[in-house]
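Asker: Now for the letters of each chain:
There are 2 protein chains.
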Amino acid sequence: MRTLVLGGDGYLGWPTALHLSEAGHDVAIADSFVRRQYDHELGVESLVPVEPLHTRVGVWKELTGRQLSMFRGDITDAEFTYEMIRGFRPDTIVHFAEQRAAPYSHIDRQHAVYTQVNNLVGTLNILFAMADIDPAIHLVKLGTMGEYGTPNIDIEEGWIEIEHKGRKDVLPYPKQPGSFYHLSKVHDSHNIMFTCRAWGLRATDLNQGIVYGQQTPQTALDPRLATRFDYDAVFGTVLNRFVVQAVLAHPLTVYGSGGQTRGLIDIRDTAECILLAAENPPEPCEFRVFNQMTESLSVAEIAKTVAEARGESARIEYLDPPRVEADTHHYNVAHSRLIDLGLEPHLLSETLLTSLFAIAEAHKDRADPEAIRPWIDWRRTTNRPPLTSPSP
Amino acid sequence: MRTLVLGGDGYLGWPTALHLSEAGHDVAIADSFVRRQYDHELGVESLVPVEPLHTRVGVWKELTGRQLSMFRGDITDAEFTYEMIRGFRPDTIVHFAEQRAAPYSHIDRQHAVYTQVNNLVGTLNILFAMADIDPAIHLVKLGTMGEYGTPNIDIEEGWIEIEHKGRKDVLPYPKQPGSFYHLSKVHDSHNIMFTCRAWGLRATDLNQGIVYGQQTPQTALDPRLATRFDYDAVFGTVLNRFVVQAVLAHPLTVYGSGGQTRGLIDIRDTAECILLAAENPPEPCEFRVFNQMTESLSVAEIAKTVAEARGESARIEYLDPPRVEADTHHYNVAHSRLIDLGLEPHLLSETLLTSLFAIAEAHKDRADPEAIRPWIDWRRTTNRPPLTSPSP
Chain A
1 MRTLVLGGDG
11 YLGWPTALHL
21 SEAGHDVAIA
31 DSFVRRQYDH
41 ELGVESLVPV
51 EPLHTRVGVW
61 KELTGRQLSM
71 FRGDITDAEF
81 TYEMIRGFRP
91 DTIVHFAEQR
101 AAPYSHIDRQ
111 HAVYTQVNNL
121 VGTLNILFAM
131 ADIDPAIHLV
141 KLGTMGEYGT
151 PNIDIEEGWI
161 EIEHKGRKDV
171 LPYPKQPGSF
181 YHLSKVHDSH
191 NIMFTCRAWG
201 LRATDLNQGI
211 VYGQQTPQTA
221 LDPRLATRFD
231 YDAVFGTVLN
241 RFVVQAVLAH
251 PLTVYGSGGQ
261 TRGLIDIRDT
271 AECILLAAEN
281 PPEPCEFRVF
291 NQMTESLSVA
301 EIAKTVAEAR
311 GESARIEYLD
321 PPRVEADTHH
331 YNVAHSRLID
341 LGLEPHLLSE
351 TLLTSLFAIA
361 EAHKDRADPE
371 AIRPWIDWRR
381 TTNRPPLTSP
391 SP
Chain B
1 MRTLVLGGDG
11 YLGWPTALHL
21 SEAGHDVAIA
31 DSFVRRQYDH
41 ELGVESLVPV
51 EPLHTRVGVW
61 KELTGRQLSM
71 FRGDITDAEF
81 TYEMIRGFRP
91 DTIVHFAEQR
101 AAPYSHIDRQ
111 HAVYTQVNNL
121 VGTLNILFAM
131 ADIDPAIHLV
141 KLGTMGEYGT
151 PNIDIEEGWI
161 EIEHKGRKDV
171 LPYPKQPGSF
181 YHLSKVHDSH
191 NIMFTCRAWG
201 LRATDLNQGI
211 VYGQQTPQTA
221 LDPRLATRFD
231 YDAVFGTVLN
241 RFVVQAVLAH
251 PLTVYGSGGQ
261 TRGLIDIRDT
271 AECILLAAEN
281 PPEPCEFRVF
291 NQMTESLSVA
301 EIAKTVAEAR
311 GESARIEYLD
321 PPRVEADTHH
331 YNVAHSRLID
341 LGLEPHLLSE
351 TLLTSLFAIA
361 EAHKDRADPE
371 AIRPWIDWRR
381 TTNRPPLTSP
391 SP
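Order-wise, the sequence lines are chains A and B. Counting in our numbering, the first sequence runs from 1 upward without gaps. Counting in our numbering, the second sequence runs from 1 upward without gaps.
No lab work stands behind these hints: they were computed from the structure. Be careful, since some hints might not be right.
The list treats identical chains as interchangeable, and a pair is accepted whether it falls inside one copy or across any two copies.
Simulated crosslink set (SDA-like; lysine to any residue; CA at most 20 Å straight-line) [unchecked claim]:
id	residue 1	residue 2
1	K165	A334
2	K168	H329
3	K165	G65
4	K61	A309
5	K364	L352
6	K165	R337
7	K168	E157
8	K168	N332
9	K304	V211
10	K304	P251
11	K165	S296
12	K165	I153
13	K168	E156
14	K165	H329
15	K168	H330
16	K168	E344
17	K165	R315
18	K168	I153
19	K364	E45
20	K61	M1
Take the sequences, apply the hints, and build the full model.
Answerer: Take a look at the structure:
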C-alpha cells in the first residue's frame, strides 16, 4: 500500500509516517516546513530537539532499512500537488498539512485569514488532484473534535438521524466550531463531503481529540527520530503543557474553572487509528467520519491527574479563560467506529505520565516559562506577544 | 440610518441601494466592478444595457435629489475595507459583494479556489472591521437557499430543535450545499455565527431563493437606472433565462426532468426584505437567519408557467442535468420571519411575466443564443466554453 503523508514533518505526521512504514506501507512524506517557521515567528521551540527531516529519514533508513520518499513543497501550490500525486500515485493520502493551532488563528486578522485560506486551498487542491489523477485514492483527513463545539445532545460520528415534523433523514452533524482554526476544519469537511458526492471520491474525516504523549515505539528507537514536544501557549496542547509546568515546578494553568470537557487520545493511538483507516478504506462516494478519541476528561481532571502523578510539588492555578467557550457543558461522544476496526486504546495512566515526565525532565533546561503563559485572547481581534515587538 | 451596500453595482445590489435610498437611508455603495469583468471573461453581456455606476448614481441624484456615496475597491483588501467603514460609519452593512454563480465556481480548480477565497476573505475582513470599528453595526449578509441542499425533512430558518437520545438543543440547521459557490456561503455563515458569539457582533443571514424579474419602481424611473438582466448559462437564473428563451422562440431548457424544486422571490421583494432586515436589527450577539423566498416551484413548473404565459410559440426541451443534485425530492421550507416583519410578497403572476417579456423583447437583438446553452458540468473538474480558446 502506497501512502502519502502530507505534513509528515510535524508532531503527528512524523510518528504516523514511521508507524505506517513499519507496518509495511510504501510511505512518502510531503512538507513545506512552515511549522518550523511558526516557531521562529513566535520565538519558541520544541522542548525536545527535532532533527531536520532529511536527517530523520536517513536515520530511519539506517536503523530499519526502510526508505521514506520526500516531497518538499506546499500543497497550496497546485502544480506541486499535482506533480507529487502523479509521481507517487498513492493509494491513500493522509492529510496533516494544515495550520493546526486555534490560538495561532486568533493572533489577528492576518493569522485568521492565513489559517482559513491555507487550510481550505490546500485541501481543495488535493481534492481536485485526486479527481483528476485517480478518484480511487482514499483521503484520510485530520479534523478535530473541536468542530462539534459543545451541543446539549450527544455527539455522534459525523452524521445524525433527525426526526422532524414526522419525517426523518440522516444529516451531517450540526457543528459549532469555537475558533477560526476549528472553522477552517469545518469548511474542509463540507468541501470534502461535497466532492465525495459530486466526483465519487472517498474520504475518512478523523475528528481527533487532544493528543498527548511524545513517543511511539518507532520514534523511541533513536533520539534523532524524536518528534516535537510543544508546550508553549500557542501550539502546546493541554496535557503536554501541564507535564512541562509540573516538571518546572510551575503551577499548572487551567483556563476558567476547568470544567470544559475534552476528548483525548494517546499519540500511539493516533498513529494506529490512521493505519486502521488507511487499511479499511470506505466505498467510492463515501464520506465517513470517525471520532478519533479514546476518553473524555475535564481540563480540571487532566490537571489533577498530572498533578497527582507528579506528587507534592505540583499545584494548579486558575486563569481568566482566553477562549470563548462554555465552562461546563454536556459532553458525551460516540467513538466506537475505530474500536470496531480494531483499535486497542492506551488510556491515560500513570505509566505514560511517568515516561512523559522523564522526557520533559531530560530537556527542561530548554523550556522557556514565559512561552507558556497565554497571550492570545479570543475576545480581542489583535494580540501581540508580551515583551516582543509587533510582527511586521 | 446609514447603510453601506457592498456589491452595490450588481444585479440586486443596485436596486436594493435605490430602494433603501428612497426609503430615506443615507446609502453608500461599494464595488470592485469584478462582476463586469466576469462578463468580459465569459464573453457575455447583460441583456439590458447597464450604465456605469457613476452615471447611474448621477441620474438618481438628478431625478430624486438623493446622493449615493461611492467606494471603489475590493473588500478582500483589508485596508480598503477598514478605511471605508471608518469613513462612512454605517449602521448597517448589506453584503452582496461575493462571486454569486454556482456554475462559475465549477469552471475549474482556479475558479473554485477563487470563489471560496474571495467570498471567505471579503467576509472575514468585514467581520474584523466591524469588531474593531463598531461592533454595533448590523451585518445583513446574502446567503442562498442552496446552502440547505434537499434534506428529507422540512427546512427551517437557520436553526433546528433536535431531540436526540432524550436530550434537546437548538442547533444550526445541517447544510448540504451543492456547489463550490454554495459551499462558500456555508463557510461564511459559520464564520459569521462564530463572531456573533465571540465578539458580540449582530448579523442577519438571508438565505435567498432564486430571484426573478429585472425592474423595481426605482430602476423603472429611467432606462439609465436599469439593473442587469443575465440570461447566460453561467450567471442567468432560471426564470429570467426561460423568459429570454421564450422571446427568442428557442426551447426553454430544463435540466433533467425538472423535478428539482426551488424557492423563488421577486426582485422587488428582495429589496424590501433587505430594508425590513436593516430596519429591524437583531440584538447584539444574535445570529439570525431568514429564508428569503416567497414560494416554491419545481423547475418544470417554472418552465411551464413561462411557456403558458408566452403562448403557442413556447416549447420546453429537457437536457442532461449538468449539476449533481436530486431530480425529485422533499421540499418544504419555513419562510415566515420576513412576513412577520411585514413583507407583502409579489407572487409569480402573468402580469410580471408580461412585463418581463416586454423587457426581453425590447432588447432581444442583444441576445446571444449560444450563451444560453450550459457548458459547465459539475462532474467534470475542468470545463471550457464551446468555440472559444481556453482561458489563460
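Asker: Next step is simple, just say for each hint if it's right about the structure.
Answerer: Taking the hints in turn, this is what the structure says about them:
Proximity of K165 to A334 under the C-alpha cut-off of 20 Å is restricted to the inter-copy arrangement: shortest distance 12 Å between copies versus 26 Å within a copy. When the C-alpha separation of K168 and H329 is checked against a cutoff of 20 Å, the pair qualifies only between copies, where the shortest distance is 13 Å, while the shortest distance within a copy is 27 Å. For a Cα distance limit of 20 Å, the shortest separation of K165 from G65 qualifies neither inside one copy, at 61 Å, nor across copies, at 52 Å. Taking the shortest Cα distances, K61 and A309 never come within 20 Å of each other, neither inside one copy (37 Å) nor across copies (76 Å).
For the homomeric pair K364 and L352, the shortest alpha-carbon distance inside one copy (18 Å) is at most 20 Å, but the shortest distance between copies (76 Å) is not. In this assembly of identical chains, K165 and R337 lie within 20 Å of each other by CA distance solely across copies; the values are 19 Å between and 30 Å within a copy. Taking CA atoms no more than 20 Å apart as the test, K168 paired with E157 passes in both settings, with 18 Å inside one copy and 18 Å between copies. Taking identical chains as interchangeable, the C-alpha atoms of K168 and N332 lie at most 20 Å apart only when they sit on different chains, with a minimum of 13 Å there against 23 Å within one chain.
Proximity of K304 to V211 under the C-alpha cut-off of 20 Å is restricted to the intra-copy arrangement: shortest distance 17 Å within a copy versus 58 Å between copies. Within a single copy, K304 and P251 get their C-alpha atoms as close as 11 Å, which meets the 20 Å cut-off; across copies the closest is 73 Å, which misses it. With identical chains, the CA atoms of K165 and S296 are at most 20 Å apart between copies only, with a shortest distance of 19 Å across copies and 34 Å within one. In this assembly of identical chains, the alpha carbons of K165 and I153 lie at most 20 Å apart whether taken from the same copy (19 Å) or from different copies (8 Å).
For the identical chains of this complex, K168 and E156 are neighbours both inside a copy (16 Å) and across copies (14 Å), given an alpha-carbon limit of 20 Å. In this homomeric assembly, K165 and H329 come within 20 Å of each other (Cα to Cα) only across copies, at 16 Å, whereas the closest approach inside a single copy is 28 Å. Taking the closest pair of Cα atoms, K168 and H330 come within 20 Å of each other only across two copies (11 Å); inside a single copy the shortest separation is 25 Å, beyond that limit. For a Cα distance limit of 20 Å, the shortest separation of K168 from E344 qualifies neither inside one copy, at 34 Å, nor across copies, at 32 Å.
Taking the shortest Cα distances, K165 and R315 never come within 20 Å of each other, neither inside one copy (52 Å) nor across copies (39 Å). In the homo-oligomer, the alpha carbons of K168 and I153 lie at most 20 Å apart both inside one protomer (18 Å) and across protomers (6 Å), since each shortest distance falls under that limit. Taking identical chains as interchangeable, the C-alpha atoms of K364 and E45 lie at most 20 Å apart only when both belong to the same chain, with a minimum of 12 Å there against 67 Å between chains. Taking identical chains as interchangeable, the C-alpha atoms of K61 and M1 lie at most 20 Å apart only when both belong to the same chain, with a minimum of 18 Å there against 69 Å between chains.
Hints 3, 4, 16 and 17 from the earlier list are contradicted by this structure; the remaining hints agree with it.
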